[in-house]
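Novice: Read top to bottom, the protein sequences are chains A and B. Following my numbering, the numbering of the first sequence begins with 1 at its first residue and continues without gaps. Following my numbering, the numbering of the second sequence begins with 1 at its first residue and continues without gaps.
Hints are computed from structural coordinates only; laboratory data are not their basis. These numbers were taken from a predicted model, which means no experiment stands behind them. For each residue, glycine too, the CB sits at the ideal point set by N, CA and C. Treat the hints with caution; some may be incorrect.
[Stated by the list, open to error] Simulated pairs of lysine-lysine, BS3-like, Cα-Cα distance not exceeding 30 Å:
{"#": "1", "chain 1": "A", "residue 1": "K535", "chain 2": "B", "residue 2": "K18"}
{"#": "2", "chain 1": "A", "residue 1": "K263", "chain 2": "A", "residue 2": "K298"}
{"#": "3", "chain 1": "A", "residue 1": "K64", "chain 2": "B", "residue 2": "K63"}
{"#": "4", "chain 1": "A", "residue 1": "K64", "chain 2": "B", "residue 2": "K18"}
{"#": "5", "chain 1": "A", "residue 1": "K570", "chain 2": "B", "residue 2": "K63"}
{"#": "6", "chain 1": "A", "residue 1": "K64", "chain 2": "B", "residue 2": "K76"}
{"#": "7", "chain 1": "A", "residue 1": "K570", "chain 2": "B", "residue 2": "K76"}
{"#": "8", "chain 1": "A", "residue 1": "K218", "chain 2": "A", "residue 2": "K681"}
{"#": "9", "chain 1": "B", "residue 1": "K82", "chain 2": "A", "residue 2": "K64"}
{"#": "10", "chain 1": "A", "residue 1": "K205", "chain 2": "A", "residue 2": "K142"}
{"#": "11", "chain 1": "B", "residue 1": "K63", "chain 2": "A", "residue 2": "K92"}
[Unchecked claim] Coverage of chain A stretches by chain B, computed from C-beta distances (three or more under 8 Å per stretch; other residues unrestricted):
{"#": "12", "segment": "27-39"}
{"#": "13", "segment": "58-66"}
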Amino acid sequence: MKTFASLRSLASMVFRRARVEDEMDEELRAHIQNRAGDLERTGLSREDARRQARIEFGGYQKYKEQIREDSGSHFLQALVQDIRYGVRVLRKSPAFTLVAVITLALGIGANTAIFSVVDWLILRPLPIERPSQVVFLETSWKNGDVGNQFSYPDFQRIQEQTSSIFAGSTAIVLFKMDGLSVDGKSEPMWANYVAGNFFSVLGIKPEAGRLFLPSEGKFAGADPILVLGYSYWRSRFGGDPNIIGKKVAVNGHPMTVVGVAPKDFQGVAELLDTQGYMPLAIAGVTQDDPENFLADEKSDDLRVIARLKPGVTFEQAQPVLQVVAQRLPRVNENHGAMTVLVSPLGPVSLTSGPQVRPELDLVSALFLILAGAVLVLACVNIANLCLVRIAARRREVAMRAALGATRGRLIRQLLTESLMLAILGCIGGILLGITASGAFGSISLHTAIPTVLDFRFDWRVFAYALAAAVLTSVLVGITPALRVSRTDLNEVLHEGQRGSTAARQRLRSVLVGAQVAGSLMLLIVAGLFVRSLEKVHHANLGFEPTHVLDVSIDPHEAGYQEVQARQFQKTLLDRARALPGVASASLAATVPMGYQSYSDTLTIDGYQTHPGESAPRAGVNAVSPGYFETMGIPVLQGREFLDSDDQKSQSVAIVNQTFVDLYWHGRSPIGRHFSSTSDPKHPMEVVGVVANSRDTDIFTKNDAYYYEPLAQNYWAVTTLQLRAVSAPEALAPEVTSLIHSLESAMPVFDVQTLSTELDSLNGLLLFQFAAALAGSLGILGLLLALVGVYGVISYAGSQRTHEIGIRMALGAQPKQILKMIFGQGLVIVGTGVVCGLVAAGALARLVGNFLFGVAPLDPLTYISASFLLGAIALLACYVPARRAMRVDPMTVLRSE
Amino acid sequence: MTDQAQLLPGTLDLLILKSVSLGPLHGYGVLLRIEHISGGALLVEQGALYPALFRLVRQGFLKARWGASDNNRRAKFYELTKAGQKRLREEADGWNRLVVAIGSALNANPEKI
C-alpha cells in the first residue's frame, strides 16, 4: 500500500511535474492569503497583514524545495537539472573544460592501455568451453625443478586412471615448424600435434569442415589429416572454403585438410598463433622421427590438459592424481622425488614456466600502480583547478544556498559536474587507450613465428575505464564540494572580493606537495628502467652481437630429405664463406635469445645424481665448424669443431665453463664422456671448453650448456650466421640470392642482424618496452606536476596581490616579496621531494625484480631524478614569484 | 506568545493526523485546528506544515483532493486514510505511554526509591 502510494506519487510527479508545481504554489499561496485575511480582520492594514502572513509562513522557497526533496521524483528531476546546469557551467569556461578533459583522458588512457595488456596476460580466459574447469598437469621435483612434459605412455596411464576426477584428458605437442605444400608451393606452418579428443575436451566447434574425432590419431602414421588455424586459413588461402578435403603435403608427406579452427581460438599458448593442428600419431612421420614416439617412454614432448568433472575442485583432484602419479615409472625411478600437480590452464601458462606466472602478476601490479599514480596526479591537478574555480564561484553557490538549495543538493550538483568531466575524460581516455594498445599490439617481436598480441578492449577493460572515471570524479569533486557547502553563506555574501583563503590555500599546498611526490616516484621508477635498459645494452653477453647477419632456411619445406638437406647446408656454407665481405660463416640450430631453445637431461661420467634430485640438465645447440669464431665466443680449452667431426667419426661435444664447474667440479673435461637422454646410444667425448654466454635469455648467464656438431646431429631448420667485415645488413641481398641460386624454392626467413634478433621477447624487448612505458608515464607525471606547481603558486601570488601591495607600500623590497612567494614554493617542493623519495623507495622492492644491473635503490637515479624534478618545480615557482615582485603598490591599493 | 511551547521533533505528524481525523481540512485549516485544539499553546512554524502534509500523503496516511473552501475558493483538502487512522492510534498510544512514563519519573520522591 505504502509503496504503491509512493510509486503513484513518484509517477505523478514525473509525468505531471508542471501541474504539481503549480498546485503546490497554489496551495501555499492560498495559505498565505487565508492568513492575511485573518490578520486583516484583527485590525491590521492590508499591507501589514500580507507582510505579517509572509513572515509567519517562513522561507517559501525553502519549504517548496523540502517538499520536492521529500517526494521520490526529486532524484531524477534534480539529476536532469544538475546535468543541464553542469553543461552550462562547463560551456561557460571552455578552456578549463578542455584542460580538464585532456588531463583526465591522458590519465585514464594510460590506465586502460596498460590494463588491456594485463587483461590479455592474466585475466582474459581462453576462448574455450567453461575455461575454469580446464587444467594442465605440472611436474615438480624435490629440488625445486618444475616442468609440464610427459611421454605418451605416461599420458595414457594418467588418462586411464583419472576418470573419477577428469571428464576428459588430452595431450598436445606444442609448436613444430613444418612446411605445408599446397599445389606445389611450400611455406612454413607452425603446427601443434594433438590427441584426437583435443578439440572435444576443450569444447571447440569448427569454423568450417570438421575437427578431429577422439578415435583418431591413436596409431603411428594413421589419420594423416590437418586442421588449419583461422588466421592462417585467411592469410594463406584467403578463407577459401574449398580447401576442405584438399590433398596437401606436410614436409613432403601427403595429408588431407579436414577443417578450420574457430576465429577466437588461437591455440592454448596465447602468444603464439597456431597455424595448423595434426593428430599426435602423425608427428613420427612428418618430423622424420625414426622412433615411434607413441611408444617411447623417454620422450617428454607432451603436455597434458584435462577437464575437471563438474563439481570436482582442485583440492579434490590433487590427491587422486597424486596416487596415479606414484605409479608412473618416471616417478618410481626417482623415488617419489617428482610429484604431479593440477594447475589452472590460463592464457599464459603452458608455454611459460610456473616461475613466470607470479612475475607476470608482479609486473602487472607494478605498471598498474604507476599508471594509477599518473591518474591520481591528473585528478589532483583537476581538483586544484576546481578549488580555484570554486573560490570564484563561492558567491554563486552561496546564492543558491540562500535560495533554498540544501547542502546535499549543492554537493550533488558539484559532483555531477565533476562526473561529467570524468565521463568526457573517460571517453577520451578510452580512445587514447585503444590507440596506445593498438601500438603495443603492433610491436615487432622480431621473429617469423606467428604471434598474436591481442590487446583488444573487452568488457573488463571498459569496466576498468568506467571505474577509473567514477573514482576520478569522486576524487576531483568531493573536496571542493564539501568545502564549498560548508561555508557560511552569510559571511560570503557580505565579504568583499577577497575570501578568507588560508585554509583552502593550505589544502592546495598539500595537494601540490603530493603531486611532486607522486611525480618523483614515477620519474625514479622510469629512471631505473631506463638505466636497466642501458646496462642490458652494454652487458657482456659472452658473444659479440655486432656485425653478424642471421639468415634462416628450411630445406624440408623445399621438399628435401635429410641427405639432400645436409649436402645443401654444406654447399651453402662453403659458398657463403667465399662471399666478399664475409669474415667467417657458420650454421646453427638456434640463435641466442631466440624463441626456440633446447635442453636435454644427461648422463655424465663421474657425476652421481643424488636421490631426490632431478637428472642433470643442460642447454644445447647444434653448430657447424666456425661457430665460435663467428659468434666471438672464446675457446678456453681444447679445440673447435672440425669438418672431420662427421657422422662416421666419434661423437664429440664442446661444453661451457659452467658445465665443467657444475658436473666435473672444474677438473679438465677434455676426453671425458656424457650422453643425452634423447640419444643414449652415442656418448659424446668432450673436445673443448668455451666461455659462458647468455643463450636462452638475458638473465641466465650461468646455466650449463653444450654444443654438438651439426654434422653429427642433423637439424633441418638452421640459421646461417655471417660475420661481416663492415655493415652486416649489406650482405642480406647477396646471401638471399646465393641461396636462391642454389635452390629457387628454398624458403628464407628471419633475415636480420644478430643485434636486431636480440630485440626479442627473451632478449631486450621487454626491457625496451618497460623503459618506454615507464618513461612515458614518468614524463606524463612530470608535466602534470609542473602544471600543478605553476598553477598553485601563481594563484597564491595573485590572491596575495593586495597584501603584497600593502607590504610594498610599507617599504618591503621586491627581493623580499620574491623570497616570500618563492619560499612558499620551496617548502612545498621540498616536502614533496622527500615524500617522493620515500614512496619510490617503498616501490623499489617490487621494481627490483625486473631490473638488470641496477640496484633498486640506485643512488644516481634517485639523486638525478630529484634534481631534475626539483629544478623544474622551482622554475615553475620562480615565474609567478617574479610576477608578484613587480606588483605596483599604488595600482593595487587604488583598485579596492 | 511567551507561554507557547516549541513542538517536540516528530510530534507535528501526530498533531496533523489528529486534526484531520476530526474532519477533512485544507492546509490553513490544519494550522487553525492545531492552534484551537491545543488551546493556542503550541507554536507551529506555518511553512513547515506543508512538507509534513506532502510526506504524509506520500506515505499513504492522508489523501488529498481539490474542493471548494468556505469562501468558495479552490482548496486542497486532506482526509485520513485507513492506514492513517491506524497510524494515529499507534502514535497516540506511544505518546501516552511516554507521557505516563515521564510523568511518573518526574513524580518520583525519595521515599519511593
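Novice: It remains to establish, for every hint, whether it holds in the given structure.
Specialist: Hints, one by one, checked against the model:
{"no.": "1", "hint": "A/K535 x B/K18", "verdict": "violated, 87 Å"}
{"no.": "2", "hint": "A/K263 x A/K298", "verdict": "violated, 36 Å"}
{"no.": "3", "hint": "A/K64 x B/K63", "verdict": "holds, 19 Å"}
{"no.": "4", "hint": "A/K64 x B/K18", "verdict": "holds, 24 Å"}
{"no.": "5", "hint": "A/K570 x B/K63", "verdict": "violated, 103 Å"}
{"no.": "6", "hint": "A/K64 x B/K76", "verdict": "holds, 16 Å"}
{"no.": "7", "hint": "A/K570 x B/K76", "verdict": "violated, 107 Å"}
{"no.": "8", "hint": "A/K218 x A/K681", "verdict": "holds, 28 Å"}
{"no.": "9", "hint": "B/K82 x A/K64", "verdict": "holds, 28 Å"}
{"no.": "10", "hint": "A/K205 x A/K142", "verdict": "violated, 40 Å"}
{"no.": "11", "hint": "B/K63 x A/K92", "verdict": "violated, 45 Å"}
{"no.": "12", "hint": "27-39", "verdict": "holds (count 6)"}
{"no.": "13", "hint": "58-66", "verdict": "holds (count 6)"}
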